[in-house]
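Student: Top to bottom, those sequences are chains A, B and C. Note that my numbering has the first sequence beginning at 1, numbered continuously upward. Note that my numbering has the second sequence beginning at 1001, numbered continuously upward. Note that my numbering has the third sequence beginning at 2001, numbered continuously upward.
I should point out that these hints are in silico values taken from the structure, not numbers from a laboratory. All residues carry an ideal CB built from backbone N, CA and C; glycine is no exception. Some hints could be false.
Said to hold, decoys possible - No farther apart than 30 Å at their CA atoms in a straight line, the calculated lysine-lysine pairs in the DSSO-like style are these: (1) B:K1185 to A:K88; (2) B:K1188 to B:K1162; (3) C:K2193 to A:K63; (4) B:K1176 to C:K2119; (5) A:K71 to C:K2221; (6) A:K141 to C:K2191; (7) A:K154 to C:K2193; (8) B:K1185 to C:K2119; (9) C:K2191 to A:K186; (10) B:K1085 to C:K2119; (11) A:K88 to C:K2221; (12) A:K154 to C:K2005; (13) A:K88 to B:K1085; (14) B:K1239 to C:K2119; (15) B:K1176 to A:K88; (16) C:K2119 to B:K1167.
Unchecked claim - Estimated spans, in silico, between C-beta atoms of each pair: (17) A:D12 to B:R1287: 19 to 27 Å; (18) B:T1163 to C:K2142: 49 to 57 Å; (19) A:N229 to B:R1287: 52 to 60 Å; (20) A:D66 to C:V2311: 50 to 58 Å.
Given next are the chains, with one letter for each unit.
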Amino acid sequence: MAFLEVHDIVKDFGGLVANSNVSFQIEEGEIVGLIGPNGAGKTTLFNCIVGYYSPDYGKVMFKGNDITGFKPFQTNQAGIGRTFQIMKVTTGMTVVENIMVGAFCRTNSRHQAREEAHEMLHFLGMEEISEQYINELPIAKQRKVGMARALATKPQLLMLDEVASGLNHTETDEMVALLKRLNVEKKITLFLIEHIMEMVMTVSQRVIVLDGGIKIAEGVPGDIVKDDNVIKAYLGEKYAKGR
Amino acid sequence: METLIDALLQGILMGLLFALVALGLNVIFGVMDIVNFAHGEFLMLGMYTAFFTSLLMGVDPLFALPASALMGVLLGLASYYWFIKYLLRGPAIAQLFGTFGLMLFLRYLAQFLFGIDYRILQKGILIGKSFSVGPFIFDATKIAAGALSLVAFAAVYSFLNKTKTGKALQATALNKEAASYMGIKTDKMNAIAWAIGGGTVGVAGGLLINFYYVYPTVGLLFVMIAFACVALGGFGSIKGVFFAGLLVGILEMMFPVFGQLVGSDFLGPHFKFTVVYLAYFIIVVFRPQGLFGWKK
Amino acid sequence: MEKVKDALDFTDFSGVERFVLVVFSIFLLAFPWLGAGSFVKAVMIQFLLFSLFGMGWNTIGGYGGQVELGKAQYVGIGAYTVSVSMVWWNIPFWISMPIGVLIALGYSFMIGYPLFRLKGHYFAIATICTSLVLQDIFTNWKLVGAAKGIELPIHEHPDFLYMQFKSDTYYYYFIMVLFYIALFYMNWFRKSKLGYQLRMIKDDEEAAESLGIDIRWCKIKAYSIASAFVAVGGGFMAVYNLYIDPVSVMDLDLSIKIALMAMLGGAASLWGPIIGAAFLVPLDRFLGSWLGGHKGLIGVDFMIYAALIMVVSAYQPRGIWGIVEQLRGKGK
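Construct all of the structure, not just a fragment, from the sequences and the given hints.
Tutor: Written out as structure tokens, the structure is:
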């Protein structure tokens, strides 16, 4: 029994098949990347796992429990956290309050929630922005707030949606370092979607490739970059043949 | 049986008018995604316009229709340019409250200007006249209201589907951003939607005054009916709102008749509008896209 | 015990705010001894009552961001429960009022469950519909007096059990106590788990769901809390006015006033509903009595009222408190 098992997921939107019979497994403690060109069905697959969509067919098992068709808040309570590619820029709550909402997932005490939120800010080195509002922050910081509040729900599996998009080189490096720290220090299993290959390759221990809703490859980053199907998907038929 | 058929026919006549009232609400909703709570007050002011035009100028109420229509269009445009435009910058909650404020403002403006009396027109070509077809008796005013509502509805429908401006409006309703890329000015489209919304409901008011009392709070009832029609027909759907209007009209007329037949107190005529409210609630909860809705 | 401590904890407010609160509280306590006339006293009672309503509305409408326009039905439930049980079974206020609150809670769960499938405009209109349906039923329900309403039997001697007093001062202090209970509760609520979760829902529903929040259930809970608050106020209205009818306790205008005061004062802030009520209730009363004296000026008070709503929603949707915060350079 693997940590996360995805069996034969099928999702179609009125004839448009976004995922077709996708299966894979993630072991506890791994860092796994999910890549594929635009429109490959990555986000749909993500949403099928966390419960924003319910799959038309197939099963999602988490720690041996069937979580297929769970609502997003139920998958979160089960131990799966997620971040969003685009953070909604809100003005209603400060950073620390945002993180407290995450912490309230596991506690009813406001004092404990505040304490945990501050610990989280400390861990991420963001204490100085704790009283700011999300709309006042640059995009890299917004992403980190999104991660912080997901982490505050104490997930065992964290799913990150294009966590590096829109970041510059230094910020991307910082993000990679942070992800590795999370994995080692907090023992959180990571599952990340990216469509830029570079970052995934440096951080992931294993990579799954989707194209046209179908899983076309799976393996360690070194093998994936050499895989014909993957090259075809990313660079087109011609390039693969001419190689 | 005869009473049932009679109620059905009367219901269709009222339904045509309801459809016209709801049409304007739905055009504004479709184009701007704003619910205009003041819609009923537009109707009320259209009624007063026809009432006073007819009374003071000695014109037959039917010929006062253009005045009502003009009043409606002006109200719509003034509301948009002087008020609604500014609401658009704020959150949705402010928009709801804003049109609510407009509703209260117009209502109490009317109360200030015209007092709280119930007024009805006594004179007019059609008023008081009726004719019978077989066992059924029809008020001439209601026949005229139903027929002219149908004409007005058809006119707006063909405007939306046949003219360039109408198509631009529909494009805006479908996707504001895409439409603006194609060179359609959102601001202008919004204003046109408000002009149509106000104009149609003004006409409806001019028709309604022929057989219905006007008083400052008359709008609430009709705006609730219009909401029910819009919910039934599907928010933003023009075809849907037509059939929904008919259905609500029939429901409203048939309901008391059912009550009489069954002999139940709780199905009495007092509750005919309760049914409309309940219908709205049940429809949006269980079939949010409306009975005939496709969009959303 | 810790909850009580949290409820009384105002330390995150600025010194000025706390100072104003203290001065205001002293004023409230001393008010009946300041020699105000019965009209002004009545206005103060109305102010406290509407602050209570507004604070209740603020849970779902302010913190939760749901445009709730049907609170009058719960005022009605509270008022009718108290009146009917007193007239029919001679049940004291202190028993019938909690029963009214329980009925309001039960009813709000029943209505809230389908209601919170809806969002935005659909939701706002649906709340009006549910309230109108209940009002229609009561207007035609002969057992409870239909449109004529119910008169409460007047006791010969003041009776605490039935909350019947000769002097308004007693009613004043009673509603003041309710006001403070509400204020302390809201002070607890705004920092509670539910309070935070609602604010998240208002900001970003999708994110809220991803943080383990059952959105619909949270909204239903807040809606029910609001309903309970409002039902308490309804019960008070019955014993204070000694007469209720569907228009006075269930009308749409009442629902709107409740939402409006909170909104105008500043939704989602602790002081907002109180500021809104302090502003609108006297305006309503004094304008009403002043203009009522001039025949032909009917409705002008409401026009001013409506114009205020329009200006606030167009220029500062966060209400008077929003303006204050803006002036102090806090928030944006």
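Student: Each hint needs a verdict: does it hold in this structure or not?
Tutor: Consistency of the hints with the structure:
Under the criterion of a C-alpha separation no larger than 30 Å, the hint pairing K1185 (chain B) with K88 (chain A) is consistent with the structure, at around 27 Å. Between K1188 (chain B) and K1162 (chain B) the alpha-carbon distance is near 19 Å, which keeps this suggested pair within the 30 Å criterion. For the given pair, K2193 (chain C) sits about 28 Å from K63 (chain A) by alpha-carbon distance, which is consistent with the 30 Å threshold. Of the supplied pair hints, the one linking K1176 (chain B) and K2119 (chain C) holds, its CA atoms being roughly 21 Å apart against a limit of 30 Å.
Simply put, K71 (chain A) and K2221 (chain C) have alpha-carbon atoms about 19 Å apart, close enough for the 30 Å limit, and the pair holds. For the suggested pair K141 (chain A) and K2191 (chain C), the alpha carbons sit about 25 Å apart, so the restraint of at most 30 Å is met. Distance check on the hinted pair: K154 (chain A) and K2193 (chain C) sit about 16 Å apart at the alpha-carbon level, within 30 Å; holds. Taking the CA atoms of K1185 (chain B) and K2119 (chain C), the gap is about 29 Å. The hint holds against a cut of 30 Å.
Restraint check for K2191 (chain C) and K186 (chain A): the C-alpha separation of about 28 Å stays at or below 30 Å, so the hint holds. Proposed proximity of K1085 (chain B) and K2119 (chain C) is supported: the alpha carbons are some 23 Å apart, at most 30 Å. Between K88 (chain A) and K2221 (chain C) the CA atoms are separated by roughly 25 Å; this keeps the pair inside 30 Å, and the hint holds. Taken as a hint, the K154 (chain A) and K2005 (chain C) pair is honoured in the structure, with Cα atoms around 28 Å apart against an allowance of 30 Å.
Among the hinted pairs, K88 (chain A) with K1085 (chain B) is consistent with the structure: their alpha-carbon atoms are about 24 Å apart, no more than 30 Å. With a C-alpha separation of about 24 Å, the suggested pairing of K1239 (chain B) with K2119 (chain C) holds against the 30 Å cut-off. Proximity of K1176 (chain B) to K88 (chain A) is assessed by CA-CA distance (about 20 Å); at most 30 Å being required, the pair is judged to hold. Restraint check for K2119 (chain C) and K1167 (chain B): satisfied, since their Cα atoms lie roughly 29 Å apart, inside the 30 Å limit.
For the hinted restraint 19 to 27 Å between D12 (chain A) and R1287 (chain B), the CB-CB distance of approximately 24 Å keeps it satisfied. At about 55 Å, the CB distance of T1163 (chain B) to K2142 (chain C) agrees with the hint of 49 to 57 Å. Separated by about 45 Å at the C-beta atoms, N229 (chain A) and R1287 (chain B) break the suggested range of 52 to 60 Å. Distance hint check for D66 (chain A) and V2311 (chain C): the Cβ-Cβ separation is about 55 Å, which falls inside the suggested range of 50 to 58 Å.
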